[in-house]
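So the sequences go chain by chain: A and B. No gaps in the numbering here: position 73 of the first sequence is 73 in the numbering used here, and each next residue is one more. No gaps in the numbering here: position 59 of the second sequence is 59 in the numbering used here, and each next residue is one more.
Since the hints were made in silico from the structure, they are not lab data. Backbone N, C-alpha and C fix where the C-beta goes; we use that ideal spot for every residue, glycine too. Treat the hints with care, as some may be off.
[As the list claims (entries may be wrong)] Heads up, incomplete: computed chain A residues facing chain B, CB under 10 angstroms, no partners named:
1. G61
2. E95
3. A102
4. K105
[What the hints assert, rightly or not] Per label pair, the in silico range of CB-to-CB distance:
5. A/C113 - B/D61: 38 to 44 angstroms
6. B/V38 - A/H41: 37 to 43 angstroms
7. B/R66 - A/P11: 19 to 25 angstroms
8. B/L6 - A/T207: 48 to 54 angstroms
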Amino acid sequence: MAPRIGVVMFPGSNCELDAVEAITDLGGQAELLWHGDADLHQVDAVVLPGGFAHGDYLRPGAIARFSPVMEGVRALAADGGPVVGICNGFQVLTEAGMLPGALQKNRGLKFLCATARLRVETTDSSLTAEAKVGDVLQIPINHFEGSYTCDAATLHELQAEERVVVRYVDNPNGSVDDIAGVCNEGRNVVGLMPHPERACHPLLGSTDGAALLRSVLVSAGAATPAGVRR
Amino acid sequence: MLFSVLVETRLRPGIADPQGATIERSLPALGFDGITNVRVGKAIRFVVDAADEDTARAHADEVTRRFLINPVIEDADITVAVAETV
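Starting from the given sequences, assemble the full structure and let the hints guide the process.
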């Protein structure tokens with residue numbers, strides 16, 4: 001049985017179909033979940049995709065965290081199920097208090113749309129289980145509010161517990177400690193600003209994102225093919 | 001009773017404010033000198049129906065803390081006043 005991965009669609013999400021496509025190519029069964037439905041329909045894992053949930057009004061993620069679906073997402077995470085927030089999804093997870101810290105406007109106020117190099121810092125997370133420590137992955141970024149920030153105590157905790165999952169090789173946005181992605185204490189909830197779903201096919205210029213999304217499939221509890229299907 | 005509430009949000013001290021920094025950098029080019037410490041925040045206004053001012057303030061405090069600010073990066077000043085009747 002292919003693992004069933006729910007991809008949440010908020011009003012204003014715009015990367016949900018990219019995520020569905022990439023997950024399907026990797027042998028997963030992707031299902032769109034509407035934000036207004038608290039029922040996750042027994043999916044094994046959840047991806048919160050990129051975009052502008054609820055228009056990013058007030059702050060990115062500030063309103064999305066009150067969407068009914070987040071009750072289900074919290075319950076899945078509490079059960080140890082993989083929950084991955086990509087870009088706007090990362091912002092939602094920090095606003096929801098499911099991941100520490102916050103995402104601030106980029107240093108230099110520049111909207112960034114580029115390919116970033118990410119270094120895998122730990123394989124002990126639902127996003128990196130199938131990668132290797134030290135791997136440098138080419139993954140696109142596409143954000144204005146992606147500068148990760150947190151207080152000194154939180155940063156110390158993240159470092160001591162090796163919860164910085166991926167770091168930028170060339171910090172593009174001013175994130176503290178070059179942080180591109182972090183996980184929770186249980187290591188099943190992960191957020192990152194870069195878009196692995198946009199780097200899963202040779203036509204997109206990089207297939208490095210496949211290792212990350214395959215990790216989600218594997219973490220979701222099912223064997224999956226070791227490579228892009230087509 | 002109706003009370004008007006003004007919530008002024010701002011980034012906490014030590015949190016980088018690229019908007020404020022950009023505005024500050026542009027000021028000399030426009031001929032404005034001697035302006036420093038530019039910080040950009042938001043002003044959010046609403047009206048609360050409550051029995052008295054303390055209750056209105058408590059409501060405003062809670063909605064601010066739980067929703068209007070992200071306490072990781074933001075603070076707020078809250079001003080409550082009896083709403084002027086039209």
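Of the numbered hints stated earlier in the document, which are not met by this structure?
Violated hint: only 6; rest satisfied.
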